[in-house]
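Trainee: Below are the chains, spelled out letter by letter.
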Amino acid sequence: MVVSGESLQVRALEQWYRDVPLKAERGEILDANGVLLASSQTTYVIYARPISCTNKELTARVLSEKLSLNYEKLLAKLNSKTSEITVKKGVDKSVVLDILSLGVTGVFVSRSIERVYPYGDFLTQVMGFTNVDCVGQTGLESYYNSYLQGRDGYVCVASDLVGRKLSDDATYYVEGVKGASVTLTIQKNIQDALENAVESCALNTKAKSVSAIVMDPTDGSILAMGTTPSFDLNDVPRDDVATLMKLSRVSLVSDVFEPGSTFKMVTAALGLDSGKITTGYRSYCGGALVVDGQRIKCWRTIGHGSQSFSEGVASSCNCLFMNIALSVGVDYFYEGMAKFGVTQKTGIDISGEASGLTIPQESVKNVDLARIGFGQAVAMTPIELLRACSAVINGGNLVTPHICSHITASDGSVIYQADSSVTRGIIKESTSATMREVLETVVLTGSGKGAQVEGVRIGGKTGTAQKYENGAIARGKYVSTFVGFAPVESPKYIALIVVDEPVGAYYGGLVAAPYVGQIFKSIF
Amino acid sequence: MHLRRNVILSTLALSLFGIVMIYSASSYSAELHTGDAFFYVKKQALGFIAGCVTMACGYFVKEEWLAKFKWAIYGVSMVLLLVLFIPGVGQSSYGATRWIDLGFITLQSSEIAKFGLVIFLACYLYEHPPTSLKALIVPLVTGLSTCIAVMLEPNMSITLVIGASLMVMLFIGGMKSKHITAAVIAVCIAIPLLIILEPYRVKRLVAFVDPWANPKGEGYQLIQSYYALGSGGLFGVGLFNSRQKYLYLPFAESDFIFSVIGEELGIIGCLVVIAVYLVLIWSGIKIALKAESNRTRMLAAGITAIIAIQTLLNIAVVSGAVPPTGVPLPYISSGGSSLMVFMFASGLLARLSGEKSGVKIPFKREFKLKAQKI
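Protein sequence lines correspond, in order, to chains A and B. The opening residue of the first sequence carries number 508 in the numbering used here; numbering runs sequentially from there. The opening residue of the second sequence carries number 69 in the numbering used here; numbering runs sequentially from there.
Here chain B stands alone, though its shape is the one from the complex (with noise of 0.2 Å):
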């Protein structure tokens, strides 16, 4: 079993893959509005450079620190979600306000408290087993805070991601079926009343169901994803030939770069990437199932559930499997600090194989060397 190698190089080729699929789709618009063609093609490689440090930093992570700041680790993640409501410091966009601008680098708060709820439930959880009611209560308190925070962003698709792993981790933590039933039946009505809330989200999903409806409105966005995947095929127009690019797919390089893939690559290029997912997953999955301690299980498949539910929401929106709803493509949209969010928690993961072997003497020497040199 290479499973620490496969989220390694997986984790890779899909990044790499992700700057020339961004440069594809964003290169004329780019041009177009900022100057510069490869406008997002550098910030993703700048991403995808500090993106190689915090995988890094990720597998030099020790679980135990991880314990011991769990709450600090949650604190941080409900610190940036909350500073967003403060006038002034949430960048928004398209009438959400998602970002934190810190000058260098956008961030995108809920890409670290997803992540960040995780780490912190494992790690909770594995002290306190969510085998009773009473025991639930510390586990929800802060899971479902995380997702009403995000959901007042308002981020509905993320709080679907959180939401999902939330249940994933309290199910592998050992809730019992009384609960986790409740809890599903929860979910169910809770989220019907969500969609109903926001006037917008019950126009999306009229143009889901007929997007030729509102062809200019609503139904826009899916058609014009309708149109790269129907143009793409079997086979594809050809890696940098896509027609939808030229300013009729929006979020072409973001959310809607899968279409663009399908395009330009068709069926058998978006098999290839579904199925370097499916590595990343299965190994994520594998991890967990031969952890040592439940801890290192829960951090593994929370880690690995949000990688693969909000893999396939995106792939599910692009394709009109689900109502639309902005979601990035973990590692190959366009997004820098989303891109650093998740190589790290790539190299959390690959670290939790516990697979000991040669990758981390040569990283031993190269540090030894740098230091010899300073």
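Just chain A, same shape as in the assembly (with noise of 0.2 Å):
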């Protein structure tokens, strides 16, 4: 048998030396502008060892009244056959140096490494939460959790066989990496208008959950996101695991839904660049259309008469956005939805994003490609939606949307850069203009007034759709939807806001656009 005597060292330094984990210190998470938004913090647990406590009643009333613990459980505590008790974690290092200095007996600490988010309940689906060893497990927490975490140091301690530390032998330090920061999209000032928003609407329209993205529609940089209910990120609620599921869901990018009108503004540009359609194109609202025998009808079922492509807009008109999509015809409408990324995930750094659907291009029917045209028989998440609408208002280019700027290591190297290239040319620049222009008459004299701040020239198109549930309608269920962009000259912000099942008014115009207003009222 051949051995090695190289081999045989490590193996036997393996088993001379006892090492124990440094953990390392997890990597901070900050806003574009360097805004501290998760970070790491030594505290410190307290344990006691009821058989090492030798005056158990001093020891239970200096715990207890420094833990803010109750005096008569801590003793039964340290009057029971229990080896050890954790008394407390979390503990600040002052408190623990107050209690030691006390003449307590059998409590001794350790370290450990939490993570704190300065600013609580704050972007918080989408940050997501770690697990009590600092592992991240939900949102970018999770997503970006390798750059984050670091690499733990060790203590090599020389030791006997059964672990005893040897007295002469030297112990060897290896330090640990601390974790690479990320630095995210995200502007703290836009986060607070976004969460401040969402807040009031989910108050006012006592909605199941109001969610909102503020993306920078020409590089796909998220500047907010936000959805309420949420829950503070310094004391995620663990103890129902059914809910915090349900509230740490990032459901603008894992859910999709019907965008009903906001998706009209994907017909009108595929509708203006195709030629078929132009800005004099004029439409006939009886308050329904009649197609393939079926009648389909508007959402004004009185009609809306002879109305310019401008106003058709404008009031949101269904007819005419069935006229469109007829008008260009399924080849050119499912090239240019694709085109548009509608069924396609954007490729955001969150987990868990869905994909859109719609009905397969070879048995679409015109009835049904009429309904698409302004916004039913299509689903899709609220992220794909935003991106087709960026595309439509942007000069036609479709963005990557994503909230990780750059990864900067420990020692200071960017280690990652977010890709903020763009596709060019999904529409024409000047139909883009035009619809820009279309879009500014909503907020100004239609549907989306409510979105008006002095001095920002707005554009935006409101959506409001049944919810369908079991396959069927489901009766005074909706989702209202507000797209909004500013300025409209050249557009720096597009924010989307959802307002899941309102209670009351439900009109996006109504529900939706003042709280995208309100955003974009706290950015100019």
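Hints are not guaranteed to be accurate.
[As the list claims (entries may be wrong)] Computed Cβ-Cβ distance ranges for the label pairs, DEER-style: (1) B/Ala81 to A/Leu673: 26 to 34 Å; (2) A/Phe615 to B/Pro260: 55 to 63 Å; (3) A/Phe615 to B/Asn282: 31 to 39 Å; (4) A/Leu673 to B/Asp278: 25 to 33 Å; (5) B/Gly163 to A/Phe615: 38 to 46 Å; (6) B/Ala384 to A/Ser587: 55 to 63 Å; (7) B/Asp278 to A/Cys663: 27 to 35 Å; (8) A/Leu673 to B/Leu302: 23 to 31 Å; (9) A/Lys580 to B/Glu99: 40 to 48 Å; (10) B/Leu307 to A/Ser619: 38 to 46 Å; (11) A/Val623 to B/Gly163: 58 to 66 Å; (12) A/Phe615 to B/Gln159: 40 to 48 Å.
[Said to hold, decoys possible] Listed below are the simulated DSSO-like cross-link pairs for lysine-lysine, each with C-alpha atoms no more than 30 Å apart in a straight line: (13) A/Lys672 to A/Lys588; (14) B/Lys110 to A/Lys672; (15) A/Lys573 to A/Lys584; (16) A/Lys974 to A/Lys846; (17) A/Lys672 to B/Lys284; (18) A/Lys974 to A/Lys715; (19) B/Lys111 to A/Lys672.
It is worth saying that the hints were derived from the structure and are not from the lab. Ideal Cβ placement from N, Cα and C applies to all residues, glycine included.
Reconstruct the complex from the two isolated chains, following the hints.
Mentor: Here it is in structure tokens:
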């Protein structure tokens, strides 16, 4: 048998040293301007060993006073036969030192690293949280975990067979490497505005949930993103797993919905770009349109009468968009939808992205195409909708939405840079310019009036879709949306708000648009 | 030829070196378990002082006395072995009953019995050369009964040492080659049988083939020995610097002391130690070769065979050349009674060299001086 001395030495070294891990500090998460959104903090866990506690009354009194615990319960635990009690976790160093100076016995302390979110309930679902061992479980904490976690260090202690430390031998410290810092495209002030807006929207509309995104339409940087209801990241409600899973879901990315009228932006843009429709196009709305023998109603059942293209967009007349879709035809329309990425994942850096769906091109009938034209019979995620709408108003470029801007290693080097490249020429530049003008009229005179902000040219489109439950229309359940962008001359912000099941009023213009206006008001 | 001097000096060198290595190998565990880092060192030092006395005794013993009392010597050896089977007398550890606790010292019966048998056989075979089958009966019966008694302790490794020494003596005594061939075949059959009979031996054999198959169980000891030798490399980690002695290596001060030597002094140190053994063994062989009588020859050869075989077996076990079996390294391993017996054997071997010289006189003078004082 051939044995190599070197490999034996390595194995022997492994048994001679006990290595105690030194938890590496988890990287920070910062907003675009360097505001700290998540960091790590060293806290202490206080334990007690009843067997080595000689003055149980005093120890119980000191611990209960300093840690605001129940004296009787603590004393009972100290009198029990338990070998070790975890008295309290997350204790500050000053409190620990205070306790240890007051003559307690059998009390000892261990260090632990805790994730801290300075703003608590802020960017909650997107940020995500870690487990007690500081491993990311949801959101960005999970998506970028490998960057954030760093490399643990070790203390190697020379010891005998049973782990007794050898007094005359060295102890080696292997330094851990701090995790990399993730800088987001999120801007704290816009996020603040967004969180306030969704909060007040939820309050006023009594909606089941309200979500919103603000994005830079030119490069796909997500500037703010949030959903209510949510929770405080510093106090994750871990007891009820099912509820926690629901609350931490990034529905803007993971859930599809029927976009309704907001989708008309895509239809209108395709119509204009095809050349089949011009701004001089006029259509007649008698309250319904018969396609393939089926009567499809406009939302305004008494009809809009004869309307110009611009007026039709402003009034969100279904008949206009049915006509546009039918004019361009199935092939052109489906090709256009594919270019807009309607049913294609955006590639956003959030786990669990879903992809939209619609009727397959080979089985689509004119009646279906007409419905798709005004945003029915098509389902997409809000982020897909926002990306498509961005392409409509940004000159025809398809962006890749992203939240992480770059990642900086602990030594200062940039180890990841988000790709902000775009796919150009989805529609013509001129079509996009026209769309911006038309969509401004929606906010100036049409259904989107609620989004007006003085001194800023805002364009947008409202949407109200009925919800389906088990394949049938759910009566009285709506999803109200609004997509807005500003400034119209050269859009820097595009915002989408999704109000799920508002109670009472449900038109997007009433329950959604004002809150986008609220966000824009605080930006400009 | 300074055969007598070689025997005495190498014996003293190995024994004293043993005390140093025992200190190195055992100080940590001794401190931990007994509170005295010198626990084994003190015992071994006492053994060494007593050993000097036994060595002197061996030296002054006359061959004729041995011949005269050969049956008594054999009888005492067998009695020591057999009393182990009386419950309460034999001391057991690790599943074997090999020791008699005399209070001040723990005696390992087989240590005495193996040399007892050699002395008996040398004297008996001198009077009854084993040239016929009939003449083989007594040597074989006495030799094999010793072997069986040791085997039943159980102690396979010492049985092997005794058996091999028995063969050596019969060979030198003039046993016919056809009988030798038959005996060798018998042994070749017996050993595998003995291994299969005891499940722990089979396990050890498997562990020997691949110690890493069961690193926490049967393979543990050999792996730890490998770690020690592997860490030692060419020059060793330095005297007293062993890491394996921190309880990792079992029996570091006794059966596996050669591992600690390898770890601390490297292969160079091992070779030096082996060289000293070779001086001793070579001197023993030379003494046998130039012996005037066949009795002297057989005595010298038997003693030398035991030293050589046991040393070889121990080093082979430690370095993984043969399956693990517990056998102490002569003169060096911790064990007072073993050291005393081996030093007695060295004294006898020195005596058998037949060299007459000056050492005898100062000894006598000293005795006279002491006598005068008294």
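Trainee: Report the numbers of all earlier hints that the structure fails to satisfy, in ascending order.
Mentor: Those not satisfied: there are none.
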